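Novice: Listed below, chain by chain, are the residues.
There are 4 protein chains.
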Amino acid sequence: MNVIHRQVGGAGADALTARYHDVRARTDALTAPLSPEDQVVQSMPDASPAKWHRAHTTWFFETFLLLPFLPGYRRVREEYAFLFNSYYEAAGPRHARTMRGMVTRPSCDEVADYRAAVDEAMVALLRNPPSQVPALLELGLQHEEQHQELLLTDILHLLSANPLRPAYDVAWQPPISTGSSRMLDGPRGVAEIGHGGHGFAFDNEGPRHQTFLSPYRISDSLVTNGEWLAFMSDGGYREPLLWMSEGWAMCQAEEWNAPLYWEKRDGNWMQFGLGGLRAVEPDQPVCHISWYEADAFARWAGKRLPTEQEWEAAAALPGFADADRIGWQWTGSAYRPYPGFRPWPGAVGEYNGKFMINQMVLRGGSLATPPGHTRPSYRNFFTAGARWQFSTLRLAEDAA
Amino acid sequence: MNVIHRQVGGAGADALTARYHDVRARTDALTAPLSPEDQVVQSMPDASPAKWHRAHTTWFFETFLLLPFLPGYRRVREEYAFLFNSYYEAAGPRHARTMRGMVTRPSCDEVADYRAAVDEAMVALLRNPPSQVPALLELGLQHEEQHQELLLTDILHLLSANPLRPAYDVAWQPPISTGSSRMLDGPRGVAEIGHGGHGFAFDNEGPRHQTFLSPYRISDSLVTNGEWLAFMSDGGYREPLLWMSEGWAMCQAEEWNAPLYWEKRDGNWMQFGLGGLRAVEPDQPVCHISWYEADAFARWAGKRLPTEQEWEAAAALPGFADADRIGWQWTGSAYRPYPGFRPWPGAVGEYNGKFMINQMVLRGGSLATPPGHTRPSYRNFFTAGARWQFSTLRLAEDAA
Amino acid sequence: MNVIHRQVGGAGADALTARYHDVRARTDALTAPLSPEDQVVQSMPDASPAKWHRAHTTWFFETFLLLPFLPGYRRVREEYAFLFNSYYEAAGPRHARTMRGMVTRPSCDEVADYRAAVDEAMVALLRNPPSQVPALLELGLQHEEQHQELLLTDILHLLSANPLRPAYDVAWQPPISTGSSRMLDGPRGVAEIGHGGHGFAFDNEGPRHQTFLSPYRISDSLVTNGEWLAFMSDGGYREPLLWMSEGWAMCQAEEWNAPLYWEKRDGNWMQFGLGGLRAVEPDQPVCHISWYEADAFARWAGKRLPTEQEWEAAAALPGFADADRIGWQWTGSAYRPYPGFRPWPGAVGEYNGKFMINQMVLRGGSLATPPGHTRPSYRNFFTAGARWQFSTLRLAEDAA
Amino acid sequence: MNVIHRQVGGAGADALTARYHDVRARTDALTAPLSPEDQVVQSMPDASPAKWHRAHTTWFFETFLLLPFLPGYRRVREEYAFLFNSYYEAAGPRHARTMRGMVTRPSCDEVADYRAAVDEAMVALLRNPPSQVPALLELGLQHEEQHQELLLTDILHLLSANPLRPAYDVAWQPPISTGSSRMLDGPRGVAEIGHGGHGFAFDNEGPRHQTFLSPYRISDSLVTNGEWLAFMSDGGYREPLLWMSEGWAMCQAEEWNAPLYWEKRDGNWMQFGLGGLRAVEPDQPVCHISWYEADAFARWAGKRLPTEQEWEAAAALPGFADADRIGWQWTGSAYRPYPGFRPWPGAVGEYNGKFMINQMVLRGGSLATPPGHTRPSYRNFFTAGARWQFSTLRLAEDAA
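Residue numbers (the numbering used here), protein chains in the order written: chain A, 1 to 400; chain B, 1 to 400; chain C, 1 to 400; chain D, 1 to 400.
In short, the hints are calculated from the structure, not lab data.
For clarity, every value in this text was computed on a predicted model and none was experimentally measured.
Errors might be hidden in some of the hints.
Said to hold, decoys possible - A partial selection of chain D residues facing chain C, derived with a Cβ cut-off under 7 Å:
id	residue
1	Ala15
2	Glu37
3	Arg105
To be verified - To spell it out: a stretch of chain C is covered by chain B in this simulated footprint if at least three of its residues, at any positions, have a beta carbon under 8 Å from a beta carbon of chain B; those stretches are:
id	stretch
4	69–76
5	86–95
6	205–211
7	330–344
Yeah, the Cβ is synthetic: ideal placement off N, Cα and C, and Gly gets one too.
Please put together the full structure from these sequences, using the hints given.
Specialist: Given below as structure tokens:
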């Protein structure tokens, strides 16, 4: 675990405990608007029930911290090892992903008990943590923060499948648009990207390394709903020459004609979100689009998606970063390891590395991302057809 | 509606109200052991959530009784017309069957409110019921009784998909075996079958008509788990010549090697039921088998399944009927209309008639069937591959 | 094999040989218009390549006659035992049905050689046939005649998948309409049906037995294209209440709006047949419809399909039989065994019995049926959704 | 078309005609061992019939050269425009890819006629070619060379599906192993890759551009069957931690336990190839593996796949190139556009660009590649699960 260990450093036990409680409490707060029914249903194979997110994040602490480092600790319930393992082959057999929605028991209350019991044990562990603990603790908290966003994306998908279009929280704020649609000149030539400094980073963000950037420009803004409506009006969803071949096949098979969660009511485009069904606002950034759609839009606009290297190198430009909290931005880069990449040792080595195929990188962050969770080197990734994330795009182009 | 009307006759308003309350209360009692999570999940396309069963049966009264016959009645919520219609084309558009499990809202409590509001209106209607009401009321109650059984079969399927194997009710009684494995001589020649007398019957049970019975014998008992274990030991699930071609394909594709809900633990066969996971009892009737398995077993035993005509004609023989409350008995008859069959007029005409293809008839009843719900002319029906019902078999053979 | 034996009787060796040559030559004649490419392709899992039909029918004689009864006979090629077994579990392992179209080798010429070698051996066997041979020979010839029709139905399906719409034989005659659309009174009460007399019959046609017929009438004619066009104009393919629930689902999923092989060109309905693409003739019987469509049409017409018992009992009525050579007529009967049914002993016992589930019976015959092949007791059977056979319908109704 | 034009330059008319004939004749020679049956069948959606390859390459010349540039030219047959368009949206509607195997007509002979007619017209065109013709001609010939390799890969797949395991050509040479398993030091720092010089190149090979190479080493040899057997013996196909998550899922779903076309006979591993079924030779390079397998093997070996930039930069190293004619080498690079990439203008712009998603790059060439067809900048690409190509791997590793 030395790789992680080095990256975190030695916060005091009290600070560790406080941060632990903060993150855990935020998960509970996000779950508060949800009924037991809302929390148990799995709306598609790619999504997980809210209750599962709550239990799995708890399983992570139990499995990777309490069992190895808290003497005498025993699992709250043996079967949870099987039920709430997500994809760690090294952690033993696990429940099939597609069956997560069948687990009506343990109930929400029992999962709350599970969380409380693990929290109590974690507090005990953090009183006098062995040297490996702080780094793994931070990984567990970052992991829980990732699931906080997934919990919201998955709940939105579930609620969207309800003909009543119920809101998660009517007070949920729609995204705010920023930027001036200016194309910024990006850095050129040999540049360094990847995480290399202090503070936590995932293994897939490193090592920091040199790359070569051909001349390019990149927008200081995200594409808006208004621009997307122009794309739609211009036949964007009907012209195959704008699309990757595979994207066009999916567009036709799934009958895409607008971003996910858009629907026409009485001739007007509405979008469903965590706040319910609302009119599409032309000035807000477009959201819930696949990579295929983002790529087609960029081609229609006579531009292209930035590579993740271009994106990261431009992140320090003035005016660039303001858009980052609004939506995850598809890049033109496939998710592959950096030169010199080494997965973390041990079971947590499965965290990122084994997904580095047939996924595209997204950069930035979204309204659903916990504050402070991301950084310029952060690499999010999803398949090119995924639409249920808070995904958007930023344009780039070649420069002379 | 005259067909139904004639069949029911004129019970007094108080009697109608009392029966209404009895049936409705039984549904609530069956739901009592279930958490909100248990009630919302749809474990497969053929099953429905418990909450949906509760709401749909209520929708039936609202749609076919309150709206037409209670002046000034308005739906508790307009969207329920769409959400809780099962398959009635004449009653307007409806939610997709496979999406029933997405409806986390309305909540269980809201569905309870729906039930209460409809019950209150029904009581008002039954105070002075128009002439068409008693027949339709009885249909609604028989309909709710059918859903009481389905609620149990569907919950069992859901709980079986949970690796924890939770019980619905640990006090649930296992089936009791009866009979002496004697082959009874059935009636021969021209016989009358089908419902023709007083009291309620579904449209598919009539009209009463003549049929011709070749000489046959029929068992006074159901096949037991012990006999089924002998079939298994003798390679019953491995010998294609015992099976229908289509059944053998399904047996291999789904890797059947025992009845549904059986699993081996530490070398012993266990069966999961509403009471939880228990040892297979050799003297109890086998349960949760498909028609394909029943047919293969009968061939292995040198016998065959009885036709539904043989079954019904034999139902009056001494010793025969005792087995009827234990499990639904697959027959060798495809579910098709009787000579002269006419579906009920109006929307309820879709109740049975449109399913008369690619289904096999089961006769009898089961432990999950409400007491008093069935009669000898009762025709239950499922596809030949269905295993999640409380299905069993009774053997027959040709006689000289 | 005694069951079959008894049914055939003792034709002389010369007559056997002559009949053998006749049937075999007819297969070759049917194949003559087909190129090697036409003969190898499998256009869907339910269809087989023409070359396979030619080889499989040869395999039948090799397997069930030459190997058991011709001393010293050895297979032309050992691998053919595997390649050309259709579905006989008792005859050993076999090539997957869905893979029949992969067998580009042996070539058409090699299959012709296979046929010639087996024919030569058969002639030797028939010079002095053991007592069991004549019955099995007749079965093999009847089997080959069945495959002659399948060869045509499968070739038509293949050619229909070619955008060029090539004809099998431009001289192929379209079906001729007969009858006067009169409803004939059928026999009533106890009647005998099933094969019981002299001459060959398949095991599924017996035993001859008593049945009970409620009063009915049956048409002396088949439904015509003109009547079908009226059904279409009246929304027959858009009104769910006319359809079985399962049929309606298939109608929507496969976007049926006319019989199979119909297509609209320049606003006119055309039908593709063995003679190529031709205008739909209103006076000809409709063809290439599924049971679901036939059933929906009958309901639309205020009538119903006859049961197979009604059909067979009516077959002796004057004017009835003339339609039999035009198209197979869907009945309202599921394909199940008659009372007292026994499959033939030995491997040929798999011929019919194991398909007696989820299929509907068709009676009559078609233009593609070899002359003299059928009789009134003949039971053809296909799944309710099958459309590629030469299938049509005849209406019936209840009588007072 | 200027981009292509510039790349080709002005060979004389005679030289163009001679090269045209050479390439076209090579296709015919490759087809010679195939029967009409072999040429018509489509063994899977990703493969095409040999006859289709012959016709489609002809369609390419007809569509992109004869129609625009030979005055008065008319298509040999109008329907071929539809039948033999592969994926060019700009060239109009086209036959569904999955239905290519249904086209039994036109026959092989008619396709030969089609080829001859187009060849004759091409000769006429090349007598006095307009200025745009030489570049498009070269593209058409390169295109046909690509289909020559695909014809062989697709035929091998088809023949492998035949239980008789027939050879395409018993004289086909197995791959020869070269190299000494030495790890070569690759160039470091800023390097130039991509095609930039004279001669033909596909649009996806350019523009030539700078890239940055971290220190690495790369093998001078391909992985051998013997090394692959060691991977298999060590549980390579059973250990999920060696695999990408998605690859492991595919490995299990498709039950991979060896390269494609390997099978065990009498306890010995055999491999099926164009020369038939032969013993696995330990010293030959492994072939017919997916990217997932190549990636898992590299991880097992403590190494990794080279990126395509590393591969191309190393291509000039002594000893490297000898392996290139043996098998296509999977790289660690996703197939994406180079900086500054522009597809060719016009319909041929669909040639490469629209496939730049969810594919991995292969470099080198194979025994099935026409001599002289590839160069160091050549980018082949297939999905990570594809196994039917002549694919192999070369290892790399990070250097200090």
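Novice: Confirm or reject each hint.
Specialist: Hint check:
Hint status for Ala15(D) relative to chain C: violated, with the closest Cβ pair at about 37 Å, above 7 Å. This hint holds: Glu37(D) has a C-beta 4 Å from the nearest C-beta of chain C, less than the 7 Å allowed. Here the hint on Arg105(D) is kept, as its CB sits about 5 Å from the closest CB of chain C, short of 7 Å. Beta-carbon proximity to chain B at under 8 Å applies to 0 residues in the stretch 69–76 of chain C; the threshold of 3 is not reached and the given coverage is violated.
Given a C-beta distance limit of less than 8 Å, the hint that chain B covers the stretch 86–95 of chain C holds, as 3 residues qualify and 3 suffice. Counting residues of the stretch 205–211 of chain C whose C-beta lies closer than 8 Å to any C-beta of chain B gives 3; at least three are required, and the coverage claim holds. With 7 residues having a beta carbon nearer than 8 Å to a beta carbon of chain B, the stretch 330–344 of chain C meets the requirement of three or more and the stated coverage holds.
Figure legend: structure checked against the earlier numbered hints; hints not met, in rising order: 1 and 4.
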